[in-house]
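Chemist: So the chains spell out like this:
Number of protein chains: 2
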Amino acid sequence: MNRIGQSTILLPRRPAVISCAALAGKKEGEGPLADDFDRIVEDDLFGEESWEKAEARFQYTAATLCLEKAGMAPKDADAALGGDLLNQIIAASLSAREMHIPFLGLYGACSTMAESILLASMLTDGGYMRRALCTASSHFCSAERQYRFPLEYGCQRPPTAQWTVTGAGSLLISGLTEDFPRAIARIPALTPGRIVDLGVTDANNMGAAMAPAAADTLCRHFEDTGTSPSDFDLIISGDLGRVGHDVLLELMQQKGHPLDESTYIDCGLEVFTPEQDVHAGGSGCGCSAVVLCSRILHQMENHQLRRVLFMATGALLSTTSSQQGGTIPGIAHAAVLEAPDR
Amino acid sequence: MNRIGQSTILLPRRPAVISCAALAGKKEGEGPLADDFDRIVEDDLFGEESWEKAEARFQYTAATLCLEKAGMAPKDADAALGGDLLNQIIAASLSAREMHIPFLGLYGACSTMAESILLASMLTDGGYMRRALCTASSHFCSAERQYRFPLEYGCQRPPTAQWTVTGAGSLLISGLTEDFPRAIARIPALTPGRIVDLGVTDANNMGAAMAPAAADTLCRHFEDTGTSPSDFDLIISGDLGRVGHDVLLELMQQKGHPLDESTYIDCGLEVFTPEQDVHAGGSGCGCSAVVLCSRILHQMENHQLRRVLFMATGALLSTTSSQQGGTIPGIAHAAVLEAPDR
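As you go down the protein sequences, you meet chains S and V in turn.
Taking my numbering, the leading residue of the first sequence gets 22, the next gets one more, and so forth.
Taking my numbering, the leading residue of the second sequence gets 22, the next gets one more, and so forth.
All clues given are correct.
Which copy? The list can't say, so a pair holds if one copy fits it or any two copies do.
When the alpha-carbon atoms are kept at most 20 Å apart in a straight line, the in silico EDC-like pairs for lysine to aspartate or glutamate are as follows:
1) K96 / E244
2) K96 / D245
3) K276 / D252
4) K48 / E296
Rather than coming from a laboratory, the hints here were simulated on the basis of the structure.
Only a predicted model underlies this, so the values are computations on that prediction, with no experimental measurement involved.
Kindly generate the complete structure, drawing on both the sequences and the hints.
Modeler: Structure (structure tokens):
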């Protein structure tokens with residue numbers, strides 16, 4: 022079995038991330054990662070008639086740009102895997118419709134980028150696919166109107182609320198030996214997430230709802246593999262934001278795997294500055310996707326980072342479950358990324 | 022590579038379906054498959070306070086019953102894969118929350134059962150998971166109120182409309198040699214679906230919208246593998262219903278792979294009788310799930326069927342995309358099921 026411990030998966034071929042692309046919206050383009058994004062789209066409609074269609078265009082543009090940067094076309098990938106926050110993941114479907122390759126739709130809320138990396142890594146490692154394309158997106162406007170209120174209301178937001186990132190990230194994973202020399206990162210191991218729900222019901226405090234799932238995944242990863250936080254140059258959570266970031270630090274301390282604040286970051290805190298008035302930070306499927314597919318992979322390519330644990334977190338609620346008083350199930354999937362030997 | 026032709030995947034270990042369970046609602050329990058269902062749930066709330074929670078209970082009960090029938094508990098599976106039609110696949114998430122094992126959420130609309138089989142087969146074949154649990158559900162009441170109108174309106178339905186099946190199906194796939202003697206079916210090959218959209222916009226005629234995707238997948242499967250419809254005891258589509266069933270027959274004729282009506286069935290036409298007044302037939306993620314996990318796998322277990330091509334179809338629209346005048350993207354994923362040698 023290609024497994025170690027309770028639930029960590031080993032990938033003997035260590036599939037390679039051979040290309041990535043990140044598109045971001047105007048506000049994200051005014052943030053600290055501006056220079057790392059492939060493209061900043063100022064128009065929140067991206068030339069389309071609706072925010073949902075705009076989000077689909079974000080996905081499609083990121084996916085095709087990722088392929089182009091590798092000198093490839095959609096036909097060079099054996100499948101597109103991806104999703105988003107919209108009902109019926111319509112942005113991912115509309116994007117995949119234009120690519121004419123097999124499509125596997127995923128829903129892991131804001132953990133979708135990591136879920137797609139998990140699946141694409143196993144499918145390429147096993148030789149079931151040559152290359153697989155992973156894409157995730159979110160859009161502030163489409164998310165607000167679906168999950169919260171019409172933008173025109175100008176609702177007040179509590180300090181624990183996060184700001185949905187407008188953007189899409191895409192990366193191409195290959196299991197082909199001939200692609201390995203151009204690897205940006207190799208993927209040797211994965212730890213899939215279990216749902217953890219400690220009873221948080223406040224949809225304006227999803228960081229707190231997701232942090233226990235993040236701690237569960239990190240602890241299983243360290244215990245399964247016999248590693249510790251200090252074995253990584255960087256440990257990255259998806260979009261816990263300020264509140265969840267601090268809860269995770271505390272939980273990991275309690276569980277005996279304390280994280281070092283100098284090597285732990287949360288994408289929700291990286292994508293905006295505090296001055297951008299996003300309260301607890303960024304969120305959305307696009308949050309971890311654009312951070313990973315821009316600065317993180319650039320730093321791996323430049324050998325500033327050698328060993329990274331990327332973990333995206335998801336809050337698996339729906340508006341209906343919230344209205345029915347349900348608590349928020351959290352999940353977190355993790356993948357190890359290693360810069361190749363050069 | 023474990024591939025053949027353009028896009029068909031070969032599974033050298035031929036993972037085994039070692040257990041299955043199907044729960045159905047009252048109307049489905051009055052239909053032709055009544056004797057094949059493990060349990061018929063007369064109460065459409067299944068003892069819960071809402072239809073969404075009832076649907077989650079359908080999923081959880083089917084999943085745990087599937088495991089129990091194999092003498093197993095959730096911890097014996099390395100992951101649960103599944104989804105449903107509800108926004109943010111809340112039924113699948115709430116069900117997986119109770120199982121405390123890794124969860125990979127999928128969205129393929131009514132193709133979800135097949136999508137989960139595809140992924141679970143590759144993950145177990147490659148030794149990344151010992152066993153993986155595939156579950157899909159739908160519920161007439163939760164689907165109607167989310168996609169169409171409040172039930173209390175008593176809307177008129179056009180003849181092309183289909184009736185969302187209330188039910189859940191679950192099956193357990195194993196890649197462990199020691200599990201193979203109890204195989205109900207083995208899975209040697211898969212053909213993942215591409216999105217095909219020929220411009221149908223009528224959300225009351227999803228069979229017609231999905232049939233071209235079904236034809237695309239079937240033709241790729243036959244061409245990739247050098248097989249023909251006559252190589253199968255049965256070819257099964259998910260929920261094309263009467264309209265889509267007839268469109269598929271015509272498309273396959275045109276494309277040079279004519280289907281024999283005596284060995285081609287659609288789950289949407291199997292689950293209800295015409296007298297049950299469901300217009301064009303059944304639909305929903307639960308439709309193909311309950312038919313596969315009851316009669317089809319029972320007939321494979323009894324050697325009445327030896328070689329089956331199971332293909333579930335999905336209409337990847339959302340209410341938002343429909344309201345915005347969008348056309349309906351269709352998809353269809355296929356898996357070959359073979360009764361084991363005895």
